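Hey, can you work out the whole structure from these sequences and the hints?
The numbers in full-length UniProt numbering rise by one with no breaks, and the one at position 9 of the sequence shown is 9.
I should point out that these hints are in silico values taken from the structure, not numbers from a laboratory. Fair warning: this is a prediction, and the values are worked out from it, not measured in the lab.
Label-pair distances were calculated between CB atoms; the ranges are:
#	residue 1	residue 2	range
1	PHE203	GLU243	16 to 22 Å
2	LYS99	GLN32	26 to 32 Å
3	ARG233	LEU263	18 to 24 Å
4	GLY96	SER241	41 to 47 Å
5	LEU220	ALA44	26 to 32 Å
6	GLU208	ALA150	22 to 28 Å
7	PHE251	ALA40	28 to 34 Å
8	GLU243	ALA95	43 to 49 Å
9	ARG132	ARG34	33 to 39 Å
10	GLN35	PHE203	24 to 30 Å
11	LYS99	ARG247	42 to 48 Å
12	GLY96	PRO204	40 to 46 Å
A virtual CB, placed ideally from N, CA and C, is assigned to each residue, including glycine.
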Amino acid sequence: MKQALKQFLQRLGVYERLKWSFPFGLYRILFQPRQLQAAAREKAFYHSFLRPCPLIFDIGANDGHKTEAFLTLAQKVLACEPDALNFRTLQLRFAGRRKRVLLEQKALGASPGKLPMQVHHPGSAFNTLNPRFKAITEADDEARWNEKIAFSGSIDVEVTTLDALIARYGRPHFIKIDVEGYELEVLRGLTTAVPCLSLECLFPEFKEELAESRKLLRALDPALRYNIAMHERLLYDHWLSDEELDRYLEFWTEPHFELMVRLPSA
Numbered sequence: 001m002k003q004a005l006k007q008f009l010q011r012l013g014v015y016e017r018l019k020w021s022f023p024f025g026l027y028r029i030l031f032q033p034r035q036l037q038a039a040a041r042e043k044a045f046y047h048s049f050l051r052p053c054p055l056i057f058d059i060g061a062n063d064g065h066k067t068e069a070f071l072t073l074a075q076k077v078l079a080c081e082p083d084a085l086n087f088r089t090l091q092l093r094f095a096g097r098r099k100r101v102l103l104e105q106k107a108l109g110a111s112p113g114k115l116p117m118q119v120h121h122p123g124s125a126f127n128t129l130n131p132r133f134k135a136i137t138e139a140d141d142e143a144r145w146n147e148k149i150a151f152s153g154s155i156d157v158e159v160t161t162l163d164a165l166i167a168r169y170g171r172p173h174f175i176k177i178d179v180e181g182y183e184l185e186v187l188r189g190l191t192t193a194v195p196c197l198s199l200e201c202l203f204p205e206f207k208e209e210l211a212e213s214r215k216l217l218r219a220l221d222p223a224l225r226y227n228i229a230m231h232e233r234l235l236y237d238h239w240l241s242d243e244e245l246d247r248y249l250e251f252w253t254e255p256h257f258e259l260m261v262r263l264p265s266a
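In structure tokens, the structure reads:
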């Protein structure tokens, strides 16, 4: 019933506006405590290793749930999202906070231009600029993602670079990059070190891309340290050297995780 009502409201073009209205926000507070608890865990996670700062970049912002967490740390958050439905969600969700939430309807890559984005469905977290990610997820069985993934086509999207965003908005204290297997290309568009960043990793399929990403980051600053995050928690009580991270990854068995990277001074 709920899913049918949601689809009906989406066809009318009013679902996203209703979802981020004040009455629905009150409904979430009263009847969806698990969502509030998850949001609180996410905020606590980022507060555990980030300090208050002027600016954070949210690359692959999706519906803005991490942007919400970043707003408790940063004076401003730049949220980048190429998917039209998700971008509309961001506009509605942060309509009253546009002085603090800066929006770009763009993907990130190694150079500016236009590229095809593989579309699972509008608003999907699986939408990607990496055809290999599409092939891997479509070949996976249902158990890995709790559904059988099938992409429906592709659309061209605007692409910019981290360097271009930094030139326009300033150097962020933290960059979150979650772009479904396209993280390496995003990093190829960065030529200056930032204090902290995170990369979403699909493992072991993107093991080589992860190694190349680390190589690019070390070239910007060899003093970088690492941690691994899962379920809104850092797994290690200290930040790892390259050698320590290599030892852990040699026996790693989890299919996906978030690699946290930071400078010792961060």
